[in-house]
Amino acid sequence: MVIAVVAGLAGSFVASDRAGSTDRIDDEVEVIRSSRSIQADLARADAAAASGFLAGGSRAEIQSEQRERYLAAMADVAADLEAVARLTGDDELSHRQIEEMTRLVAEYSGLVETARTNNRQGFPIGAAYLNAASDLLTRDGEIGSLDQAPGLAENPAGVFRLTDEVANAAAQRYRDEYNDQQSISWAFVGLAAGAMVVLSVVLVGTLGFMAARFRRVVNPAVGIATVISVGLSIWMLFGFATHSSALRSAREDGYGGIRSYVDARALAFGAKSDEAKYLIARGDGDRFEARFVNRDLSGVVAEAAGGADSTLERDEGRQASDMWAAYEDLHVKALRAEQSGRRADALQIVLSSSLEGSIDEFEAFDLASANALQANQDQFDSRMSAARDALGGLTVAPAIGALLIALFAWYGIQQRIAEYR
Amino acid sequence: MTARGRAGRRSTMALLGVLTVVSLFAGACTASAEDPFSSAISDEGDDAGADLEARDPDPTCSRVGPEKSVAALDPLPSPGAMPAGSYMARIADRGALRAGVSQSSFKFAYLDQGGEPEGFDIDIARLVAEAIFGDPDRIELVATSSPERITKLQGDIGSDTGGPEVDIVVQTMTITCGRWAFVNFSTVYYNAGQRILVREGSPYAEIEDVAAAGVPACAVRNSTSAANLGAVGVDVVEVESWTDCLRKFQQGELEVISTDDTLLAGLAAQDPLAEVNGRLFSEEPYGIATPQDDQFTGFVNGVLEAARADGTWQTIYDRWLADSLGRQTPPVAQYR
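Chains as they are written, first to last, in my numbering: chain A, 3 to 423; chain B, -2 to 333.
Derived by calculation from the structure, the hints in this document are not laboratory data. Remember, predicted model here, so these are calculated numbers, not experimental data. Just so you know, even glycine gets a beta-carbon here, dropped at the ideal spot from N, CA and C. Hints may be right or wrong, so weigh each one.
Computed footprint of chain B on chain A, listed as stretches where at least three residues anywhere in the stretch have a Cβ under 8 Å from a Cβ of chain B [unchecked claim]:
#, stretch
1, 54 to 67
2, 127 to 139
Which chain B residues stay away from chain A? Per the calculated CB distances, all over 10 Å, these [said to hold, decoys possible]:
#, residue
3, 90
4, 109
5, 111
6, 140
7, 243
8, 263
9, 268
10, 270
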């Protein structure tokens, strides 16, 4: 009976500990995803701001279209920032960094507006404000410590660096949580399940002993206790094993894919932004093209696509790779046009979605990579909910089961003893 | 490989040699502040195999000085009646003057909102087109980077295919004897030089005031302007582009920007609270570069002579630069 109580309580404790931990894992992954999304959404906003700037007043339609994209992306950034702040538990350094990000994002949008106003007046200084705005996102720098707020460093880090920090801290917490689950709780699982197995053996032994000794085929109460005990043992072993493997699969299949696609998308929008800035710089923008090339997007996209582990993911990944290749061909065409003095042609390619325009190709990549990201996110979500389902009932069932086992066993044995007297 | 192929290869190599030397020159002589590519050019020069003899400046130029050009054609042929066999006649036959210009020098040569180039240099280039055709719009404006300013003028002017890519270059180009070795220059059409840009009502009237106050000035990294500032004892805040200087100036991060007045004019035009102050403390005489055809250069000089005399130069200056740089008169032409 003592074994029954210990096993039941241990089982319930482990299950509820694991359920809480599973929720925390879900939160941490959401922090990672959201802070990576801040990066991707800001890069998307920046690409739209640069394209709108490049379109200028003479292409009013494209300008206002890009403006809408910019505003939509900035709204997403605000939502991401809110989510990260809400889900980051009591990590004080992360909260400081999130505050600094929020401040930088406000400063960023101020600089973009100044760039826009200058551009509308035909002042080339608009480009300097645009570049300064982007620099707030991409600059390397010190991330600060608890003793010093990030923004107060002499050479403070940009938003992307800070999102990396927040995401990395969440990833570390995720890893810790995951490893805890995979190691320490297994000891508890072993204890609980082991106790259940021992209990089952004892009960079966008791049944056998009583059958032989008192020539009763089955003592009904002890029989019920035995069935409950065996059932609970199987359920616990099966449930914890399923939970563990679902978590592993969420980490290996879903989480990895989410990270690589969010990163690839941030890089791709950055490249699009550099393309516009190269043209804005009018012959003085080699550093932007160098950065475009250095991003090695085809490699990054191919790598993300290579991590696919389902037909859907494979298809979406291949689609994203193809679309990027098509876009890059047009990028090279635009570059050649600009370099050989055919600026109007270059602008036509970069800003137009009509024949020979690259906007369609880039949007197709945007869509395909977003779909691939979603496929990975869905996979992660379904693995996490499988993990949660596996624990369903196990948080209370072992305790109740143990109580029932104890009651039935006690009743059955008492009955025999009474008969014997 | 055929003999013809070898010859072709050899002439290509020779051309490459010339271009290498040209870029060396560009690096050695022209790392001037108006030139956003100056550092890139010097890098190119350092890497290229040097043919030091070809770096000798033009001997006539060395003797008489870079600002003296060939005599102006007098009288100037009437538009549409270019002398037979002249380079002007070749341009007339082609139907348009090809002019190498910048696209990124605000107020000198800059694409307006509609994407059309405009500015002081553009209007000067149009004068030459008008003199040949009677129509300033018979012009093809070819976007040219600073290193290309000399290379695009190279080639046999008598050849139909291998000739120069452009007929003139009007692109804030300082006249030097090193460049005279590869191209001809017109008489000076603008006397540029380094000055300071400050906030209206600033106590800094001259560069010496800036040095005395110990205030840093902004300049583009590795530019001649930055070097000149160092030479007069002014600390330099170095940035990537001149508009970055203006941004920092507008955001209150610094009080002084210093480079060629032509660039400062472009910056001042974007900020109603900024003004160009002080005298020139370096000299950068700008000329129109042409292929080495003295008759054609003389023709261009005749066009400039007329523009100085009839007030056209003044009109163009007043239109683009007077607001930022104050009243100026055309530079006096000097001839060899």
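Hint-by-hint comparison with the structure:
Judged by the Cβ-Cβ criterion of 8 Å, the stretch 54 to 67 of chain A is covered by chain B as claimed, because 3 of its residues qualify and three suffice. Evaluation of the coverage hint for the stretch 127 to 139 of chain A: fulfilled, as 6 residues show C-beta separations to chain B shorter than 8 Å, against a requirement of three. Distance to chain A confirms residue 90/B as a non-interface residue, since its nearest Cβ pair spans about 22 Å, more than 10 Å. At roughly 6 Å from the closest C-beta of chain A, the C-beta of residue 109/B falls inside 10 Å, breaking its exclusion from the interface.
Residue placement check: residue 111/B does not keep its beta carbon more than 10 Å from all beta carbons of chain A (closest about 5 Å). Remark: the non-interface label on residue 140/B conflicts with the geometry, its nearest Cβ contact in chain A lying 5 Å away (cut-off 10 Å). Not every C-beta of chain A lies more than 10 Å from that of residue 243/B, the closest at about 5 Å, which undercuts listing it as non-interface. Annotated as non-interface, residue 263/B brings its C-beta within 10 Å of a C-beta of chain A; the closest such distance is 8 Å.
Remark: the non-interface label on residue 268/B conflicts with the geometry, its nearest Cβ contact in chain A lying 8 Å away (cut-off 10 Å). For residue 270/B, the requirement that its beta carbon stay farther than 10 Å from each beta carbon of chain A is met, with the minimum near 13 Å.
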